[in-house]
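Colleague: Generate coordinates for the entire structure from the input sequences, incorporating the hints supplied.
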Amino acid sequence: MNLRSFLYKNSTQIMVWFIIVILFVWVLFPLIWTFLSTFKQPLEVYDTSSFLPKEWSLSNYHEVVSDDNFFRFFINSLFITTVSTILAIVCSVLGGYAFARYAFRFRHILLLILLVPRIIPRASLTVPLYMGFAELGLLNSYTALIISYTATAVPMGVWIMSGFFKGVPKALEEAAIVDGARPWQLMWYVLIPITLPGILTVSIFSIREGWNEFPFVLTLTTSTEMRTLPYQLYMLSDSMGIQNWPLVNTFSLMTIIPILIVYLMFEKKVVNGIVSGSVK
Amino acid sequence: MKRNLIVLFSIFAALMLVIGCSQEDTSTSNTTDDNTSNTDETETTNDEQTEEVEEIELTLWFGREDFIPDDAFEQFEAENPNIKITTDVIPLENATEEFIRASKADNQPDIVQVPSDRTKILAEQQLLLDMTDHLAQWKQENSDSYDAMVPLAWDMASNEGTPYGVTVHAGPFWYVYNKNLFEEAGYSEAPKTWDEVLEIGEAISDGENIGFSVIGSRAHDPVWFLSTFMSMGGQFEDGVPQLNSDAGEYILNFYQQLAGKDITDKNAIAWEADNMRAAFITGEAGQAMIGDNIFPTIQEAMSYNEDWGASPPPVRPGGESDAAYMALGWPYLVSNKTEHPEAVLKALQYLSSTEIVKDVALRYQPTTNVEVLSHPEYLEAKPWAADFEEAFAQLVELPSHERQSNIYEVLLDAMQEAIQNPDSDAKEMAEKYQEQIDQIVQ
Amino acid sequence: MDFSYKQLKKKSVPYVLLIPSMLFVIGVLGYGVIYGVVISLFEVNVYSLETPFVGLKNYIYIFQDPTFLNSLYKSLIFVFMSVVVGIILSLVFAIALYKLTIMKSFFKGLTLIPYLISGIAAATMFKFLFAGDVGMVNQFLSVFGMEEVLWLADEWLALFVIILANIWFVTPFAILILLAGLQGIDEQIFEAAKIDGASKLRIVFQIIIPLISSMIGVSLIWLSFASFNMFDIILPLTGGGPGRSTEVLAVYLYKLAFNDLNYSMASAVMIVIMTLNLAVSFVYLKVFKV
Chain A
573 MNLRSFLYKN STQIMVWFII VILFVWVLFP LIWTFLSTFK QPLEVYDTSS FLPKEWSLSN
633 YHEVVSDDNF FRFFINSLFI TTVSTILAIV CSVLGGYAFA RYAFRFRHIL LLILLVPRII
693 PRASLTVPLY MGFAELGLLN SYTALIISYT ATAVPMGVWI MSGFFKGVPK ALEEAAIVDG
753 ARPWQLMWYV LIPITLPGIL TVSIFSIREG WNEFPFVLTL TTSTEMRTLP YQLYMLSDSM
813 GIQNWPLVNT FSLMTIIPIL IVYLMFEKKV VNGIVSGSVK
Chain B
62 MKRNLIVLFS IFAALMLVIG CSQEDTSTSN TTDDNTSNTD ETETTNDEQT EEVEEIELTL
122 WFGREDFIPD DAFEQFEAEN PNIKITTDVI PLENATEEFI RASKADNQPD IVQVPSDRTK
182 ILAEQQLLLD MTDHLAQWKQ ENSDSYDAMV PLAWDMASNE GTPYGVTVHA GPFWYVYNKN
242 LFEEAGYSEA PKTWDEVLEI GEAISDGENI GFSVIGSRAH DPVWFLSTFM SMGGQFEDGV
302 PQLNSDAGEY ILNFYQQLAG KDITDKNAIA WEADNMRAAF ITGEAGQAMI GDNIFPTIQE
362 AMSYNEDWGA SPPPVRPGGE SDAAYMALGW PYLVSNKTEH PEAVLKALQY LSSTEIVKDV
422 ALRYQPTTNV EVLSHPEYLE AKPWAADFEE AFAQLVELPS HERQSNIYEV LLDAMQEAIQ
482 NPDSDAKEMA EKYQEQIDQI VQ
Chain C
292 MDFSYKQLKK KSVPYVLLIP SMLFVIGVLG YGVIYGVVIS LFEVNVYSLE TPFVGLKNYI
352 YIFQDPTFLN SLYKSLIFVF MSVVVGIILS LVFAIALYKL TIMKSFFKGL TLIPYLISGI
412 AAATMFKFLF AGDVGMVNQF LSVFGMEEVL WLADEWLALF VIILANIWFV TPFAILILLA
472 GLQGIDEQIF EAAKIDGASK LRIVFQIIIP LISSMIGVSL IWLSFASFNM FDIILPLTGG
532 GPGRSTEVLA VYLYKLAFND LNYSMASAVM IVIMTLNLAV SFVYLKVFKV
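Protein chains in written order, with the numbering used here: chain A, 573 to 852; chain B, 62 to 503; chain C, 292 to 581.
Hint data in this document are derived by calculation from the structure and do not stem from the laboratory.
Honestly, I wouldn't trust all of these hints.
Calculated pairs, DSBU-like style, for lysine-lysine (alpha carbon to alpha carbon, straight line, at most 30 Å) [unchecked claim]:
no., chain 1, residue 1, chain 2, residue 2
1, C, K395, A, K581
2, B, K327, B, K181
3, B, K327, A, K626
Modeller: As structure tokens, this is what we get:
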């Protein structure tokens, strides 16, 4: 086989790989510098001579982990994210099922209401939420954060789950009912296993929401004890002193790692979840 | 369908449980040492105090972790067993807004730390406690510790003559220069005027090094700009900077020359405090205006008086008599909703005491406590401190206006336009932006 | 149990199922919107103690304010460019991923990574990519003997950089939505087109795009919403400068609410952003029949 005919035959795949390489570089390029900088000294990031660190030192990682508060903030983030994700899943499953299976009055209005949160800038919600939670005496509590994070995750979740439930053949449900399954059995044994990829997708989006959220935690909490990882990241970048970028970057990479691990664990299901869920 | 409802119910039960748990969480953790008290609790302690010994809880918001005394109020609590101090860190950048909101929701701390140019806003929102009588009491009972504070300490915590607290820490911006680069360019003395700064800067700039490092971005409040402005003899009327003056034109022209003659970096308009400082510390820049608190970091890279020098800012030829050294302070202000002004006064006295201030000043920001500034330990740790003792006594506060943030935006516009248009007429520019400022404050 | 009761019970099921999600959405987010609308009709700010009702005065003011109009203009450029470039990029990447025969799931997984990163972290990354002579981009260019480009110091280049950063941040999700659409297409259609001898470009434009038009619509809505509301990347990256060249509406709103503490004006801007988002999505819905 000569080169020409090889190129001709495989022209599509060559094009595809060309684009994939671009995609690869595009996604990872910004991350590379950040990763390299985590081994540097504070002022070394301004050094133009080389982007490789002079010395591969793990001191920044050590400093982040050895901070007593890191563990505390990590637990805060973990707790808030976990609870709000569980709540978001429950709401999304129920709401998604309603939209997928029932025709009812106000369906369109309710769907529209679900869209609204996407169109308001997050920053402008902080003031009203503060006033609301102050009224309820919930400032400086996990509850306030959990409620806010759940609320921001639910609309997307309902949308995704409704797509999944539409993909479940109605006949399957009817068969289960004929077999005498009760509604909760139907949900638990039939619908949930089938729509598990959808649930995982909702979880990832909700985890992302809770894990990275910053404006709400900034306004709704004042106590140092209540800080989450993104808040601490903000506190680290201090414009009044010499900004320790390597430390900031180390911290932010370390906050990305847990969510990346979760994502990579379920990556196949999640991506297929988005991919198959939203078609219907 | 009943089952459905049961499922729903259990979800709500779970939700309630979560709410319950987390409330429990906060309330149990409240009994631990360093925690916030919410209003409910302070109220209950109030009720109790009438029966038993006075149990007082104070909440303090610090603008940075570094301002908190080294002993975290241990000694204070030992001396005042009935007072419990809770410290939280609310970044200075957010403290004003957070405090206003918290006050409206009855969730405010007893003492808040904000940048001194925001004292006015809080005072005019009637959120601060008039401390005149308490401060008089302080002066009467312990005049030594009261007099250790320079007048600026009280000025920065006051609005229109009424004091609302005390400013323990204030940082001026000083002029710094790189002696090695000066030598290479054929200069040995620190410049006396801003004209000379430009001249030396031009001599130093060679493509590799830059003559003057400057912040050109809008990332920060224009305090460096205003500090330079005041050293040039810039004037304020009712807290409003007067750009359409000799000093105003001069400073815009100064920025124009920095950019037009490549005395500063080509990217200066995107430079933040960090870039500006790093350029000087790494030896790339010949001169800059840098806060006193950064000096230890410079010292780590270079040696004072050998590699680098510092002095109070130069003056503008013709503006000598109006020249002023500006400082930005971070006062501790007292909330007017505090229920224990006596305890608050004690806390303020503790925060201003030489012993406590010394620790903070040694590792962080300079202070308005003269006893610390002349303390041998301080002078030894900060070899430059002796050269500035006199200048510290002359510091003035940055005048402020209730529309400060709007005025800042216009000043940033003016500064950035000067950098972007080195050839346009500085006078016209000054007039144009003055008009915008006047429109805001009218 | 009488008939109508049973029927009522049956009818109420979907509403009951929706209670929890609606409680959250309306209770938290809806409350925020209503609060915003109300406050935008008053004069609530930090430099006056009174909070009088002023009707539409805040709206009239902002539409005469050159700063706001500049932000609106920059926002429209920012969103338009982000959406146009973003959708083309997403489509190209989605088709490539679809056609990929090996390591498909690896690259699909990789695609979503930017979306998982927090805004502050993403901004820091881009800042040091493009910052002056330190930035990797300029160092890279200098390898090819090109001169240093003042990315963040030039008004239009700075706008370009924030658009790029925004696209990096928001497209992953759009790519996956489009991929979803592609995977829903019946393979036989491609086979038929190939037999007919249709060129690759024709297949893309005349078969693929019309077939996934509703997915394109969804992606467009996603891209515009995310871009209109974007501030957490822009603020640390450029702070709105140089000049006010990158001060898009969301950044302007942030400054009003958090620096000026002018809550009413900020709420009015929020309502404007909401309206723009609604209008844009309405257009997409009509054009793409989502």
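Colleague: With reference to the structure, classify each hint as holding or not holding.
Modeller: Tested hints:
1. C:K395 - A:K581: Roughly 21 Å between the alpha carbons, so the hint for K395 of chain C and K581 of chain A holds.
2. B:K327 - B:K181: Roughly 37 Å separates the two Cα atoms, so the pair is violated.
3. B:K327 - A:K626: Status holds; Cα separation ~27 Å.
Against the hints set out earlier in the document, a violation occurs for number 2 only.
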